[in-house]
Amino acid sequence: GDSVTQMEGPVTLSEEAFLTINCTYTATGYPSLFWYVQYPGEGLQLLLKATKADDKGSNKGFEATYRKETTSFHLEKGSVQVSDSAVYFCALGDNAGNMLTFGGGTRLMVKP
Amino acid sequence: DAGVTQSPTHLIKTRGQQVTLRCSPKSGHDTVSWYQQALGQGPQFIFQYYEEEERQRGNFPDRFSGHQFPNYSSELNVNALLLGDSALYLCASSLGTGDLVTFGSGTRLTVV
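Residue numbers (our numbering), protein chains in the order written: chain A, 1 to 112; chain B, 113 to 224.
None of these hints come from the bench; they were simulated from the model. Glycine residues also receive a C-beta, built at the ideal position from the N, C-alpha and C atoms. Careful: at least some of the hints might be erroneous.
Derived lysine to aspartate or glutamate pairs resembling DMTMM-like cross-links, with alpha carbons at most 25 Å apart [unchecked claim]:
| hint | chain 1 | residue 1 | chain 2 | residue 2 |
| --- | --- | --- | --- | --- |
| 1 | A | Lys-49 | A | Glu-69 |
| 2 | B | Lys-125 | A | Glu-42 |
| 3 | A | Lys-111 | A | Asp-94 |
| 4 | A | Lys-77 | A | Glu-8 |
| 5 | A | Lys-56 | A | Glu-76 |
| 6 | A | Lys-49 | B | Asp-142 |
Taking CB as the label site, the calculated pair distances span [unchecked claim]:
| hint | chain 1 | residue 1 | chain 2 | residue 2 | range |
| --- | --- | --- | --- | --- | --- |
| 7 | A | Val-82 | B | Ser-119 | 31 to 37 Å |
| 8 | B | Gly-115 | A | Pro-10 | 38 to 44 Å |
| 9 | B | Thr-132 | A | Glu-42 | 36 to 42 Å |
| 10 | A | Gln-81 | B | Thr-132 | 39 to 45 Å |
| 11 | A | Lys-52 | B | Gly-196 | 22 to 28 Å |
Under 10 Å between C-beta atoms, here's a sample of chain A residues computed to sit facing chain B [claimed, not checked]:
| hint | residue |
| --- | --- |
| 12 | Phe-18 |
| 13 | Leu-19 |
| 14 | Thr-20 |
| 15 | Tyr-36 |
| 16 | Glu-42 |
| 17 | Leu-47 |
| 18 | Thr-101 |
| 19 | Phe-102 |
| 20 | Gly-105 |
| 21 | Leu-108 |
| 22 | Met-109 |
| 23 | Pro-112 |
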C-alpha cells in the first residue's frame with residue numbers, strides 16, 4: 001500500500017539557517033503530494049502541494065519539488081524563523097481524492 | 113467564514129465505554145473524513161463520508177463507525193473503548209474529491 005517516510009526529528013536550527021526535511025514515498029499511480037504544518041494545540045494546515053512530477057509547490061518561503069524518479073518531496077526553506085517552529089507532515093493523496101497518507105512528522109525547533 | 117468545527121475539544125472516558133465525536137464541515141464542503149493521530153505520530157485515515165454514505169475506510173476495526181447527516185455534519189462513534197484509542201481525532205472536510213482539505217483542531221480523547 002501507499003506509504004510516506006520522513007526524517008525523524010527533532011530538527012533544531014538557529015534563526016536564519018537553511019532547512020531541509022526529507023520525505024520519500026511509495027505509491028501506485030500518480031498521487032498528489034503535500035506538506036502540512038501543525039502548531040501546538042492546533043489541527044493541520046496545508047503548507048504547499050504538488051500534483052504532478054516536476055511540479056514545485058511553494059508558500060511562505062517554503063518549497064518542495066515532486067521528484068518522481070527518486071520518489072521524493074523534500075521540504076526546504078532558505079532562512080527559518082522562530083515562528084516556523086512546529087511539526088511538519090509530508091503526505092500523499094490517493095488518485096480518487098479520498099484519503100491522505102501521512103508520514104510520522106518532523107518536529108522543527110528554531111532558536112533565536 | 114467558519115472552518116471545520118469539532119466538539120468536544122477534550123474528553124476523558126473509561127475503558128469499555130462508548131464515545132461520540134462531532135464535526136461540522138467548512139461552509140460549502142460536502143465531504144467529511146476522520147483521522148486518528150496518536151501522540152507523536154502522523155494522522156491515520158479512519159473513513160470518509162459523502163452523500164451520507166461511507167465512501168472509503170482505512171484499517172480500523174468495526175468498533176469505529178460514523179454517520180453523515182443531510183447538513184453534511186458528521187459523527188464518529190467508538191465502542192468498547194481501549195486504552196490504545198487515546199489520541200487526537202481530526203475531522204477534515206473538502207468539496208467532493210478535491211484535494212484542498214481543511215482540518216479541524218481535533219478532539220483529544222483520553223481513555224483511562
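Right, here's what the structure says about each hint:
no.: 1; hint: Lys-49(A) - Glu-69(A); verdict: holds, 18 Å
no.: 2; hint: Lys-125(B) - Glu-42(A); verdict: holds, 22 Å
no.: 3; hint: Lys-111(A) - Asp-94(A); verdict: violated, 36 Å
no.: 4; hint: Lys-77(A) - Glu-8(A); verdict: holds, 18 Å
no.: 5; hint: Lys-56(A) - Glu-76(A); verdict: holds, 11 Å
no.: 6; hint: Lys-49(A) - Asp-142(B); verdict: holds, 22 Å
no.: 7; hint: Val-82(A) - Ser-119(B): 31 to 37 Å; verdict: holds, 32 Å
no.: 8; hint: Gly-115(B) - Pro-10(A): 38 to 44 Å; verdict: violated, 28 Å
no.: 9; hint: Thr-132(B) - Glu-42(A): 36 to 42 Å; verdict: violated, 23 Å
no.: 10; hint: Gln-81(A) - Thr-132(B): 39 to 45 Å; verdict: holds, 40 Å
no.: 11; hint: Lys-52(A) - Gly-196(B): 22 to 28 Å; verdict: violated, 38 Å
no.: 12; hint: Phe-18; verdict: violated, 24 Å
no.: 13; hint: Leu-19; verdict: violated, 19 Å
no.: 14; hint: Thr-20; verdict: violated, 19 Å
no.: 15; hint: Tyr-36; verdict: holds, 8 Å
no.: 16; hint: Glu-42; verdict: holds, 6 Å
no.: 17; hint: Leu-47; verdict: violated, 12 Å
no.: 18; hint: Thr-101; verdict: holds, 7 Å
no.: 19; hint: Phe-102; verdict: holds, 3 Å
no.: 20; hint: Gly-105; verdict: holds, 5 Å
no.: 21; hint: Leu-108; verdict: violated, 15 Å
no.: 22; hint: Met-109; verdict: violated, 15 Å
no.: 23; hint: Pro-112; verdict: violated, 26 Å
When each numbered hint is compared with the structure, violations occur for hints 3, 8, 9, 11, 12, 13, 14, 17, 21, 22 and 23.
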